[in-house]
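These protein sequence lines are chains R and G, in that order.
Under my numbering, the letters of the first sequence match residues 50 to 421, in that order.
Under my numbering, the letters of the second sequence match residues 74 to 378, in that order.
These are calculated hints, taken from the structure and not from any lab test.
Only a predicted model underlies this, so the values are computations on that prediction, with no experimental measurement involved.
The calculated lysine-lysine pairs, modelled on BS3-like cross-linking and capped at a C-alpha distance of 27 Å, are: (1) Lys270/G to Lys163/R; (2) Lys215/R to Lys163/R; (3) Lys328/R to Lys303/R; (4) Lys190/R to Lys270/G; (5) Lys163/R to Lys173/R; (6) Lys303/R to Lys386/R.
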Amino acid sequence: MLERVQSERIQSERTMIEIRDVTRSYGSFKALDNASLAIREGEFFSLLGPSGCGKTTLLRMIAGFDTPTSGSIAVDGQPMDGIPANRRPTNMVFQSYAIFPHLNVEQNVAYGLKRLKLQGGEEKRRVEEALAQVSLTGLGKRRATELSGGQRQRVALARALVMRPKVLLLDEPLSALDKKLREQMQVELRRLQQAVGITFVLVTHDQYEALAMSDRIAVMFGGRIAQVASPKEIYQRPVNRQVADFLGGMNFVKAEIVEENGASLVLDTLGFGRVRTDKPKAFMRNGGAATLGIRPERLRVLWDNASAKFEVAGKVVERHYFGEITHLIVEIPGLEKPLSVTETNDFGADDIPVGAPIRLAYDPEALVAMAD
Amino acid sequence: MTVAAEGSPPLRMAGARRNPLLQSEAVQGFALISPTFVYALILLVLPILVVIAHSFWTQNYLTIDHTFTLENYRIALTEPIYRDLLWRSLYISLTVSLLTVALAYPIAYFISFHGGRHKSLWLFLITIPFWTSYLLRVMSWKVILGYNGVLNSGLMGLGIISEPSDALLYNSTAVIITLTHAWATFAILPIFVSLEKVDRTLVEAATDLGDGPLRSFLRVTLPLSAPGVISAALIVMIPTVGDYVTPKLVGGKDGVMIANAIQAQFGKASNWPLGAALSVTTMIIVSLMAGATVLVIRALQRLAR
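One chain only, chain G, in its complex shape (with noise of 0.2 Å):
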């Protein structure tokens, strides 16, 4: 204690020369994210802002007219091929994140509980498909899927059908199997993360007072790994609502994603405020979508105890 008392005045005195500004945590803090910050600021913000903006205006054939109008939110809200395709968006992405959440929990809890010394080989090996390019990995599942794809001639020479299935490419189903594949590693490192922290004492607990592996497991290891399944979810959910590369690929036009409405309304339609005024619409339902699932989640995981 003594030693602290004597020591601290002379330090103090040093910091006071310098800048005491500088010095100062906070101000620290903002210079370390600043860099980050302004990049975000240009490229995210003001794009957005923008975007508002254009959201409440009118095309005009060639120009715009900034007088202020609803009338863009009323066509994204109330014309039925709009209210359809956001329809079909969030099914899809809500499906696509459910499929992807429960089939990468099992390979997450393996790695984490039973990867032994090999658990970052796993981690590296279930990284290798990101070494090809999104395109060619879309475009394989259109290799599986197809007319004349692997899936049908395999079925084909086990006799299983007779002559190749359309029902497997270009519709919502191809693109829920495509984007399912596209992001399990996204779902798998949180989860394998969040995996990583439960104590297994813990569990190891729960077994000593009387829990079977099914119980402890869905009493101790599944609540406790909430977070990471939470993150999962969203870090799935809210980039497949706005996914337009795959639903164009293999989706046909029963596969048909919100966001080709709005690139259609950005390109060829020439209409910027409409487009503007689905993508604002589409932000905020993604975002009480994900609000929502985290309150899900929440309440399952309180049901548990």
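This is chain R alone, in the form it adopts within the complex (with noise of 0.2 Å):
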């Protein structure tokens, strides 16, 4: 809650990364197809997609390691055409780290300063001060090859903070660390970037990481920007099934457009009836077809006699136990599908018997309408 607070305070509407009309050709294949973004001061901003969706092309675009084949890219105001990377005001963590092996900790660290020249200690204090960021104080003596992975992330976050970049780039900082040394560099992260309100810009193939992040998310398909809005409208309200899907499980039902109005749709469906969604901003009409989406979380198991206000029966066909939630599948006559429900165990779905019926309670609020 507390860091909600901060972010608010430090970001500000002012625009930091200005994106414009970007393409960037490779023969016929467009890797990054005519993407327009701007990226607020301070905030944290996730570029996600699938491998080869051309966020990782926009990020070395921005850093300087690639130019655009069209369009242009702004860093503080200032036009970055034909300004090389060692000219821009934005440092970069690599997916590989990129540590020098032949330099220790501190070397490595003091890199990009020994050009600077500083005067008296400031070097060694503001390497000093990198560590520290990172929790690496006390290892500057190490050698890069003597580090473990998680250490190498940190050494190659400290480099990049101590030359106090306007934009922090990230390429898949995190892809390489097992799970548990993720979860909680993600934490760090997000933690630290509140701390020097530095703006993050990381790329990632990982929804969870984005989500968890970032303050605001990109989704880009196919060189292509489907959707930029906050990790919790991303994920309620995905423009459409392709960044549904890429952002966990979604149910999809057919729809017909009954009524189109400025704010909402009356949808008629096969298993849900008809019902009446927000028309979210980005929808375009196609033909009288649309899909309706609703996460497995947001489907609950009805018990005994309980009853809901909007519900759905049918039979469990499949059942998944995960520990502390079950994963049933659920058919609903009339629909071609069967229904994905995600289950806590509190109340026991990890017994409910395969073949049984069962009612399913939901929110007409968590459907979401989405154009085919």
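With the hints as a guide, bring both chains together as one complex.
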């Protein structure tokens, strides 16, 4: 909670990175197709998408390692056209960390400062400060080859932060770490970003990573930006099936548009009957058909005689046990595909027999309409 | 885990049934190297021992006196002629290795960093001079540097000199030029290999931290390719000290090297013990020089940080 409040204080409406109509082609293949994006100052921004969606290409163009075929990129109001990577106010944490193997931790962190020829003990002070920020105090003399994966990542972070960049670019920084360390680093990265107030741009293919750390996320597919929004909105109001599918499971139900007006939609479905939902901002009607989505965890099992205002009835066809939750596959008459339901095991969902009749409650708020 | 624990005892028993000695990694390793090892023992170690033994004996006209003496070493180290030849050999080999490495590095760098899809083609092209014999390559330098050679006629044709210069051939410079060319490939390959191993993201990281192309080269690429530079320098330096074909063909009397003197002692002069002492002295000095080179490059590498 406290972090959220802080983040709103640090974040301003000022644009730090302006990406305008950027296209990057390799022959006839477009790695990035007419992408436009504005990243705000002090924001933790994530570029999320499957491999080959163009997110790394975009990050490398911001860093200056790649040039747009057309379009322009500006950082802090300065156009970056023709400015080489070594003169940009950005620093990068590489996926492989790129720790200089012939230097020790201290020398790695001080690498970029050497050229600045800082007076007195300034260089040493800044290196100490950066090492403290990433909790590596005392490891300055350690050789690069003697570091663990997590430590290498911290060195890479310190080496970039010590330069005090306007923008810190992170290229899948956590993908090489094991699950536990990754989750710990997610929290730490977020905390660090709050503390230093620098704009972070993170590239990741891990939706949970993006959801957990970001202020805003851009979801990308096939070189195009599909949706830019807060994690909550991306998860709850995905703009299309692709986005919905990429961010965790989603049940899709075929629907027919009955009525459409400025703010809402009325849809006819086979399993859920006639429903009224909010019309998403980016909704683009494509004939009379649409898709209605609902997340598996937004369907709740109704026990015994309990009833709900909105419910569907069906039959359990599969059950998968995951420890704290159980995954049920429920066949609903009229629906072509069975629904996935995730239920916590507090009330014995793990004991529901396969083949048993079942009733599921849902909140119409949880239904999201998507263009087909 | 369980699967592995259940699976391993039968495996170990199967191994025990056969000869456990043959199963051991060390024995297998020795078996693999033994043909080469025996070969090296017979043709390298034994002759060297014979040479070392001879260096402590005396030639007595047609027979050899087997009483222990250090007289040969006294001659080898104090006679001005041998001292001069040794110094000249060291000077030539050091210059040749410096020049070769300096000329080979840019080529290796170009192939490794800008060779693109044609890397193997470039490497293949570099080996083309080796399709002819070494003697032919040395002779062709004679044609280039000679009194009526290509270089002289070219310079005269351009009007730069009025009469042919005889300063080009039959001196130590001619030996240096010929050897530098002859050993280029042996220097390019190890440098190329070590440049290939330099992670390109490290260069990007250096650029990202503010280094221009020259600085990132000096601070990252060059120090990381030092192992290749060291082996290139040694590969060129060690054999060139003992080269005797090149000085004989293009060196004249100014370019004679220690190996020519050693050859003479074993041949015409027929003083094997002195030749042996000269050989041993040269070997020791070359080893020291090679060690010193490694130390110097390592020190330079540390300086670059």
